[in-house]
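Colleague: Sequence:
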Amino acid sequence: MRRGVRGPGRLQAGERRPRPRGPGDAQLVARKLLDAVSGPYTLPGAGQTVTVSASVGVAVTPQGGRDLTTLLRRADEAMYAAKRQGRRQVCLYVPPASP
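So the sequence shown is numbered by the numbering used here: it starts at 1188 and just counts up by one.
Do not take every clue at face value.
[Stated by the list, open to error] Using C-beta positions, here's what the derived DEER-type ranges look like: (1) Q1235 with R1274: 16 to 22 Å; (2) V1237 with P1282: 36 to 42 Å; (3) P1231 with D1254: 41 to 47 Å; (4) T1257 with G1234: 44 to 50 Å; (5) D1263 with T1236: 28 to 34 Å; (6) R1275 with T1229: 41 to 47 Å.
Since the hints were made in silico from the structure, they are not lab data. Just so you know, these numbers come straight off a predicted model, no measurement behind them. Backbone N, C-alpha and C fix where the C-beta goes; we use that ideal spot for every residue, glycine too.
When you get a sec, could you build the whole thing from the sequences and use the hints?
Modeller: Here it is in structure tokens:
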């Protein structure tokens, strides 16, 4: 997350939004996001309950890339890795090992 970009959640008066400072913080924010969106929801008027789940991919700079396109592509790769692991997973992009 960058300064000036709003993330999930709401702040109460006097609260400050913490800024992720590295991969561990970004993964913690992703985990909180999963907790916030997960769970059964009842559809209004239908009386039907649905379950929502998500998978999150995390990429941070400089490992994620120096430009936005590369960073988003690597976050996407991490998201698909999370999906392969099952529901409610968070994966961090890890650069391939150099030979």
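Colleague: Each hint: holds or not?
Modeller: Structure-based check of all given hints:
Range check, Q1235 to R1274: Cβ separation about 20 Å, and the 16 to 22 Å hint holds. Checked against the hint of 36 to 42 Å, the C-beta distance between V1237 and P1282 comes to roughly 37 Å, which is consistent with it. Judged by the Cβ atoms, the range 41 to 47 Å given for P1231 and D1254 holds: they are separated by roughly 42 Å. The hinted window of 44 to 50 Å between T1257 and G1234 holds, with their beta carbons roughly 46 Å apart.
Taking the beta carbon of each, D1263 and T1236 are about 31 Å apart, inside 28 to 34 Å as hinted. Roughly 20 Å separates the CB atoms of R1275 and T1229, a value that falls outside the hinted 41 to 47 Å.
The structure does not agree with numbered hint 6 stated previously, though it agrees with all others.
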